[in-house]
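> So the sequences go chain by chain: B and S.
Numbering that gives the first Met the number 0 applies: residue 0 is where the first sequence begins, and numbers increase by one.
Numbering that gives the first Met the number 0 applies: residue 0 is where the second sequence begins, and numbers increase by one.
In short, the hints are calculated from the structure, not lab data.
Source: prediction; values computed, not measured.
Hints may contain errors.
Simulated crosslink set (DSSO-like; lysine-lysine; CA at most 27 angstroms straight-line) [to be verified]: (1) S/Lys1 <-> B/Lys1; (2) S/Lys1 <-> B/Lys29; (3) B/Lys1 <-> S/Lys145; (4) S/Lys51 <-> B/Lys1; (5) S/Lys51 <-> S/Lys142; (6) B/Lys33 <-> B/Lys145; (7) S/Lys145 <-> S/Lys1; (8) S/Lys73 <-> S/Lys94; (9) B/Lys142 <-> B/Lys51; (10) S/Lys33 <-> B/Lys1; (11) S/Lys142 <-> B/Lys142; (12) B/Lys29 <-> B/Lys1; (13) S/Lys29 <-> B/Lys1; (14) S/Lys1 <-> B/Lys33; (15) B/Lys145 <-> S/Lys1.
There are 2 protein chains.
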Amino acid sequence: MKITIFPLRDFPIINPGDQLANIIAEELRKVDLKNRDIIVIAHTIVSKAENKVYDLDSITPSPFALQIGNMQGKDPRKIEVILQESSEIIRMNDKVLITATHHGFICANSGIDKSNTPGNTIISLPNDPDYSARQIKDTIQDKLQKNVAVIISDTFGRPLRVGTVNFAIGLAGISPLEDIRGKTDLFGYELRSTIIARVDEVAAAAGIAMGQADEGTPVIIVRGVDYSINNNSAQELIREPENDVFR
Amino acid sequence: MKITIFPLRDFPIINPGDQLANIIAEELRKVDLKNRDIIVIAHTIVSKAENKVYDLDSITPSPFALQIGNMQGKDPRKIEVILQESSEIIRMNDKVLITATHHGFICANSGIDKSNTPGNTIISLPNDPDYSARQIKDTIQDKLQKNVAVIISDTFGRPLRVGTVNFAIGLAGISPLEDIRGKTDLFGYELRSTIIARVDEVAAAAGIAMGQADEGTPVIIVRGVDYSINNNSAQELIREPENDVFR
Numbered sequence: 000m001k002i003t004i005f006p007l008r009d010f011p012i013i014n015p016g017d018q019l020a021n022i023i024a025e026e027l028r029k030v031d032l033k034n035r036d037i038i039v040i041a042h043t044i045v046s047k048a049e050n051k052v053y054d055l056d057s058i059t060p061s062p063f064a065l066q067i068g069n070m071q072g073k074d075p076r077k078i079e080v081i082l083q084e085s086s087e088i089i090r091m092n093d094k095v096l097i098t099a100t101h102h103g104f105i106c107a108n109s110g111i112d113k114s115n116t117p118g119n120t121i122i123s124l125p126n127d128p129d130y131s132a133r134q135i136k137d138t139i140q141d142k143l144q145k146n147v148a149v150i151i152s153d154t155f156g157r158p159l160r161v162g163t164v165n166f167a168i169g170l171a172g173i174s175p176l177e178d179i180r181g182k183t184d185l186f187g188y189e190l191r192s193t194i195i196a197r198v199d200e201v202a203a204a205a206g207i208a209m210g211q212a213d214e215g216t217p218v219i220i221v222r223g224v225d226y227s228i229n230n231n232s233a234q235e236l237i238r239e240p241e242n243d244v245f246r
Numbered sequence: 000m001k002i003t004i005f006p007l008r009d010f011p012i013i014n015p016g017d018q019l020a021n022i023i024a025e026e027l028r029k030v031d032l033k034n035r036d037i038i039v040i041a042h043t044i045v046s047k048a049e050n051k052v053y054d055l056d057s058i059t060p061s062p063f064a065l066q067i068g069n070m071q072g073k074d075p076r077k078i079e080v081i082l083q084e085s086s087e088i089i090r091m092n093d094k095v096l097i098t099a100t101h102h103g104f105i106c107a108n109s110g111i112d113k114s115n116t117p118g119n120t121i122i123s124l125p126n127d128p129d130y131s132a133r134q135i136k137d138t139i140q141d142k143l144q145k146n147v148a149v150i151i152s153d154t155f156g157r158p159l160r161v162g163t164v165n166f167a168i169g170l171a172g173i174s175p176l177e178d179i180r181g182k183t184d185l186f187g188y189e190l191r192s193t194i195i196a197r198v199d200e201v202a203a204a205a206g207i208a209m210g211q212a213d214e215g216t217p218v219i220i221v222r223g224v225d226y227s228i229n230n231n232s233a234q235e236l237i238r239e240p241e242n243d244v245f246r
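Construct the complete structure from the given sequences, taking the supplied hints into account.
See below:
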């Protein structure tokens, strides 16, 4: 058993309104795609294709956004977008704004990324990353006759641990969790009692290839992973506050 | 750029007192080890070799451990070991016991694993996982003349997200964090502003290969990762409570 992780090289710049699923499928012709490959896609290109791009010059900040912007020394128009993309403020001080997004992901600034695309724009998370992943999966199936899994990812900071890691925020064709309760490993070291967040492991693994300095690329192929397939959603990865034993 | 992840097959059962560094180095002769390979090792075999194994029959629970065991319906001797391995109780209810270990890792049950090795034993985390990693790294250098990185890992549950993921708890020859602040990716999608927890990404990636059903193996080789080398410690991954914006 061997897992390989490699980027889709020379991936084109994506512009708002582009048919991303078609573009990805066409670009995947360059590689010898196999059934059960996992395609991990940085959310930024999905958001951009889906027009989740805010032109700050068109944003009028609310009084609350002005107040936060003033407190944090940040552009209040950006704060306004963060608030619009959030369902709840989890924590705020004079430096950070941790929110729950409409999807339920808890992260800094509602997952808003700076963008150095032309104009004064910022990029938010896709509206429905599971749906975006499904569209891409189905298009690959149609065009290339390959049955793959798709994960849409973003890098988030984490409680307890320093540094960001790539996480799954949308998925299709792969179960987010693998239940290995009751299994023992071959070596008898451990009677396992856990449910593994397989797609977060895969997203983190793909993050290594996405993040490498001169190799930055938004589409990564992960091959050789043993995974289950159910009719699933990345929403299953969100721990409800009442079940969050760490809070 | 391609990353490959593969297990060290047919790894022998480790017993308390075994010279693990020597055994790993010898087993690595089976593979075509390369400089800059990363060797990810499940902490269970490190703990076992280092005699971090508790025989429950020799444990006398304190009144406090008896009280928690009674509340949670668990073996109070196991609770006693969890308390001995902890520096602080972070949260406790009638089901879970989240502690900070002596190293500062916050996890369920101080990272204690059930063990199905002979006898009524449980395994805790190594005393100094960085030191264990360094010993293994140096032994590989001596015996095989290869300059590798070593990560000792454990699977932890996480705040905010469902499911466990493999994390780095000790390391040698690899920086835990990669600072990419100010860099842009090739595609200009994002002006990066983050410090990436590279070793957690690598541990998670190795976790895929460790956890696969019939392939369970405690030693994984990760090849092709671009990483920095400093004189580092996994302690740098621990976010101090006063800096933990998510709490």
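> Against this structure, judge whether each hint is valid.
Here is how each hint holds up against the structure:
| no. | hint | in the structure |
| --- | --- | --- |
| 1 | S/Lys1 <-> B/Lys1 | holds, 13 angstroms |
| 2 | S/Lys1 <-> B/Lys29 | holds, 15 angstroms |
| 3 | B/Lys1 <-> S/Lys145 | holds, 22 angstroms |
| 4 | S/Lys51 <-> B/Lys1 | violated, 31 angstroms |
| 5 | S/Lys51 <-> S/Lys142 | holds, 26 angstroms |
| 6 | B/Lys33 <-> B/Lys145 | holds, 6 angstroms |
| 7 | S/Lys145 <-> S/Lys1 | holds, 20 angstroms |
| 8 | S/Lys73 <-> S/Lys94 | holds, 9 angstroms |
| 9 | B/Lys142 <-> B/Lys51 | holds, 26 angstroms |
| 10 | S/Lys33 <-> B/Lys1 | holds, 16 angstroms |
| 11 | S/Lys142 <-> B/Lys142 | violated, 51 angstroms |
| 12 | B/Lys29 <-> B/Lys1 | holds, 22 angstroms |
| 13 | S/Lys29 <-> B/Lys1 | holds, 15 angstroms |
| 14 | S/Lys1 <-> B/Lys33 | holds, 16 angstroms |
| 15 | B/Lys145 <-> S/Lys1 | holds, 21 angstroms |
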